[in-house]
Amino acid sequence: MADITISHLVKTYPGGTERATDDVSLDIADGDFTVLLGPSGCGKTTLLRMLAGLELPDSGSIAVGGKDVTYLPPNKRNMSMVFQSYAVFPHRKVRYNIGFGLSMAKKPKEEIDRKVAWAADLLQLGPYLDRLPAQLSGGQRQRVAVARAIVMDADVLLMDEPLSNLDALLRLNFRSELKKIVKDLKTTTVYVTHDQSEALSLGDRVAVMRKGQIAQLGDPLDVYDAPADRFVGGFIGSPPMNFIKAAVSGDGGALIVGDQRLRAPSLLQSYSSTDVLLGVRAENVAVDTQRSSGDVPGTVLVVEPMGSSILLTVEVEGQTIKVQAPPTFRTSPGATIWLTFSPNSMRFYDSETAMALVAR
Amino acid sequence: MTVDSPPAPVQLDTPARPRRIPPAVLLIAPSIVFMALLLGWPVIQGVLQAFRGDEGFTLDYITRMVEDPYFWPAVRNTLLLIAVMIPLQFVFAITMALLLRSNPRLNKVHFFVWAIPLALSDLAAGLVWLSIFNDRGYLNSVLTSLGLDSIPWLAYDNPATLFLCVLVAEVWRSTSLVLVIVVSGLQGIPKDYDEAAQVFGATFWQRLRHVTLPLLKPSLQVALILRTILAFQTFAVAQALTGQNFPLVVGETYRWYTALQNPNVAAALALVILVASMLISVFYLRALRDKGQEGTR
Numbered sequence: 000m001a002d003i004t005i006s007h008l009v010k011t012y013p014g015g016t017e018r019a020t021d022d023v024s025l026d027i028a029d030g031d032f033t034v035l036l037g038p039s040g041c042g043k044t045t046l047l048r049m050l051a052g053l054e055l056p057d058s059g060s061i062a063v064g065g066k067d068v069t070y071l072p073p074n075k076r077n078m079s080m081v082f083q084s085y086a087v088f089p090h091r092k093v094r095y096n097i098g099f100g101l102s103m104a105k106k107p108k109e110e111i112d113r114k115v116a117w118a119a120d121l122l123q124l125g126p127y128l129d130r131l132p133a134q135l136s137g138g139q140r141q142r143v144a145v146a147r148a149i150v151m152d153a154d155v156l157l158m159d160e161p162l163s164n165l166d167a168l169l170r171l172n173f174r175s176e177l178k179k180i181v182k183d184l185k186t187t188t189v190y191v192t193h194d195q196s197e198a199l200s201l202g203d204r205v206a207v208m209r210k211g212q213i214a215q216l217g218d219p220l221d222v223y224d225a226p227a228d229r230f231v232g233g234f235i236g237s238p239p240m241n242f243i244k245a246a247v248s249g250d251g252g253a254l255i256v257g258d259q260r261l262r263a264p265s266l267l268q269s270y271s272s273t274d275v276l277l278g279v280r281a282e283n284v285a286v287d288t289q290r291s292s293g294d295v296p297g298t299v300l301v302v303e304p305m306g307s308s309i310l311l312t313v314e315v316e317g318q319t320i321k322v323q324a325p326p327t328f329r330t331s332p333g334a335t336i337w338l339t340f341s342p343n344s345m346r347f348y349d350s351e352t353a354m355a356l357v358a359r
Numbered sequence: 000m001t002v003d004s005p006p007a008p009v010q011l012d013t014p015a016r017p018r019r020i021p022p023a024v025l026l027i028a029p030s031i032v033f034m035a036l037l038l039g040w041p042v043i044q045g046v047l048q049a050f051r052g053d054e055g056f057t058l059d060y061i062t063r064m065v066e067d068p069y070f071w072p073a074v075r076n077t078l079l080l081i082a083v084m085i086p087l088q089f090v091f092a093i094t095m096a097l098l099l100r101s102n103p104r105l106n107k108v109h110f111f112v113w114a115i116p117l118a119l120s121d122l123a124a125g126l127v128w129l130s131i132f133n134d135r136g137y138l139n140s141v142l143t144s145l146g147l148d149s150i151p152w153l154a155y156d157n158p159a160t161l162f163l164c165v166l167v168a169e170v171w172r173s174t175s176l177v178l179v180i181v182v183s184g185l186q187g188i189p190k191d192y193d194e195a196a197q198v199f200g201a202t203f204w205q206r207l208r209h210v211t212l213p214l215l216k217p218s219l220q221v222a223l224i225l226r227t228i229l230a231f232q233t234f235a236v237a238q239a240l241t242g243q244n245f246p247l248v249v250g251e252t253y254r255w256y257t258a259l260q261n262p263n264v265a266a267a268l269a270l271v272i273l274v275a276s277m278l279i280s281v282f283y284l285r286a287l288r289d290k291g292q293e294g295t296r
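Chains A and B, in that order, give the protein sequences.
Per numbering that gives the first Met the number 0, the very first residue in the first sequence carries number 0; after that it's consecutive.
Per numbering that gives the first Met the number 0, the very first residue in the second sequence carries number 0; after that it's consecutive.
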């Protein structure tokens, strides 16, 4: 167990011109579960591989538990890792695979046996210890990979999209199981994924990455609720956050969307007469078939029943947004409905930089 | 309440499927004919030739072969060469393949250069090495220019250096075959296994022993069988370098056929190589069979 300090890490792959990680700094507290989230090519896996020592940075440093490990070979870092492809050795039985790290460290046989039995029990692999990986299902192989990683008493546990090769149902089940296991282990964990729901559900903290940089770092709910910029809001959430072009009135008291005027929150006082982007989550828009005060009219384009809710695609003042309506709401394409944006859930972004506006 | 059982499936009188030759047979037929004519028939001929005398079956040729003063030295030399050369070649080839895998600068050029001997005729290789090991060859020129005495590497009364010369030339000439097989085998192993082993604390030697070599086993098996069979047939290089001073079994076959004009004894010698090759292949296939994976694939 140890804390991690990453500072100013820069890496460009040979032959590439863009930086895979661009001056990334990140502090991870001891025992924290940090998720690196981002679209493919954002540098999250590169960052993880540099932590593991499988890639070396061009500049910057990584310290684990106060010790600089930037250029230490992987086998000297006391880390363990779950690979996306599992990387379970196909020529050896499950028992050997789980105990691999321990036997490489030349631990006594009875200690290896004890820990393998513990991990196998935890991951329900007991009956499969004497099988070869080829005789296991994908989900079981993934369990072997996790078991191999947790027996190690490593300082840091690294996971590279460990659930992405499982089918949807298995992924959901294993996700909560994994969360419990890692919580009980109390090992500092860095988890890479491109799946935003995984990131939100697993992480103590989520680092959203984009083009080699960390766009936002924070508590999962904060990241979801108050995205730091348009990219984060658009990447996290299903459907992603709606962004509506709007303007603040001359006196700063009203928000103008097309022909409609909404009451502006006090934050916008200092942004009078500027164009802004209004960001609002689909579930934070209330819908009604009747008009009431402060409502904005919209035309329904698409109705998608999702079971627990109905997803509407609505045109508002020439802009298309997604709205989540309760499953009892009845409407049809072409109908006019009335939308209410709850003031507390509105977020505002600079129309040019796409960064969140702050009171000034 | 009774439950109606589902109606019994109706037996349809399907017309008997016309008997045809399966397409697979048709597809491999040309190669079978080809193999039978060009390989099978000569083998049968060879066996017959080794055992058929004027009055039917005879062991005369075998006796003559065994009693020839060059036979046992040839067998001994061939086995010695195999025993020393094969391990050496594998160590070289695996080292070279691992070096290539570490992705050095000009990776492809290195591989290309290392594979050149593969494209060279073995007689040509023998002649090149002859020009090196010759009494007045390049090696001795270098030695004298350094102020050292030149050494008669290929003298008939110096079996140790004769063996050494043949060994060096053969290792140079045929290691690239092993290299090519090992490199392609390595490329088939996903990098993740090696990386996982690294992260879990394995040192280089531990990774080699516990991960890389076991995963490389199928390729090594192929290379081992091929190389050993080919090593039994070592001929042109040794012939060019040593003539008859370092007899090998195939060299003896050639001598009986050409110099001694006795195709029957030559056929008997060829038979010895055939049997040895078959035995060694069976041995390798059994010895290297993966005990852990038996019956799983």
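Keep in mind that the hints were calculated from the coordinates and are not lab data.
Please read these numbers as outputs of a predicted model, since none were measured by experiment.
Don't be surprised by glycine CBs; every beta carbon is placed ideally from N, CA and C.
You may find that some hints are simply not true.
Claimed, not checked - Just the calculated beta-carbon pair ranges, DEER-fashion:
id : chain 1 : residue 1 : chain 2 : residue 2 : range
1  : B       : Ser183    : A       : Asp29     : 42 to 50 Å
2  : B       : Leu229    : A       : Pro13     : 33 to 41 Å
3  : A       : Pro72     : B       : Gly187    : 46 to 54 Å
4  : B       : Leu229    : A       : Asp120    : 37 to 45 Å
5  : B       : Lys216    : A       : Asn164    : 33 to 41 Å
6  : B       : Leu147    : A       : Gly64     : 54 to 62 Å
7  : A       : Asp26     : B       : Arg288    : 23 to 31 Å
8  : A       : Gly64     : B       : Lys216    : 54 to 62 Å
9  : A       : Lys108    : B       : Lys216    : 21 to 29 Å
10 : A       : Gly65     : B       : Gly187    : 37 to 45 Å
So, going through the hints one by one against the coordinates:
Our hint of 42 to 50 Å for Ser183/B and Asp29/A holds, since their Cβ atoms are close to 46 Å apart. Take Leu229/B and Pro13/A: their Cβ atoms lie about 39 Å apart, and the range 33 to 41 Å holds. Taking 46 to 54 Å as the suggested C-beta distance range, the pair Pro72/A and Gly187/B does not conform, at roughly 25 Å. As the Cβ distance of Leu229/B to Asp120/A is approximately 52 Å, the hint placing it in 37 to 45 Å is violated.
Restraint check, Lys216/B to Asn164/A: a C-beta distance of roughly 26 Å breaks the suggested window 33 to 41 Å. Roughly 59 Å separates the CB atoms of Leu147/B and Gly64/A, a value that falls within the hinted 54 to 62 Å. The hinted window of 23 to 31 Å between Asp26/A and Arg288/B is violated, with their beta carbons roughly 53 Å apart. Taking the beta carbon of each, Gly64/A and Lys216/B are about 39 Å apart, not inside 54 to 62 Å as hinted.
Distance hint check: the CB atoms of Lys108/A and Lys216/B are about 25 Å apart, consistent with the given range 21 to 29 Å. The supplied range of 37 to 45 Å is met by Gly65/A and Gly187/B, whose beta-carbon atoms lie about 42 Å from each other.
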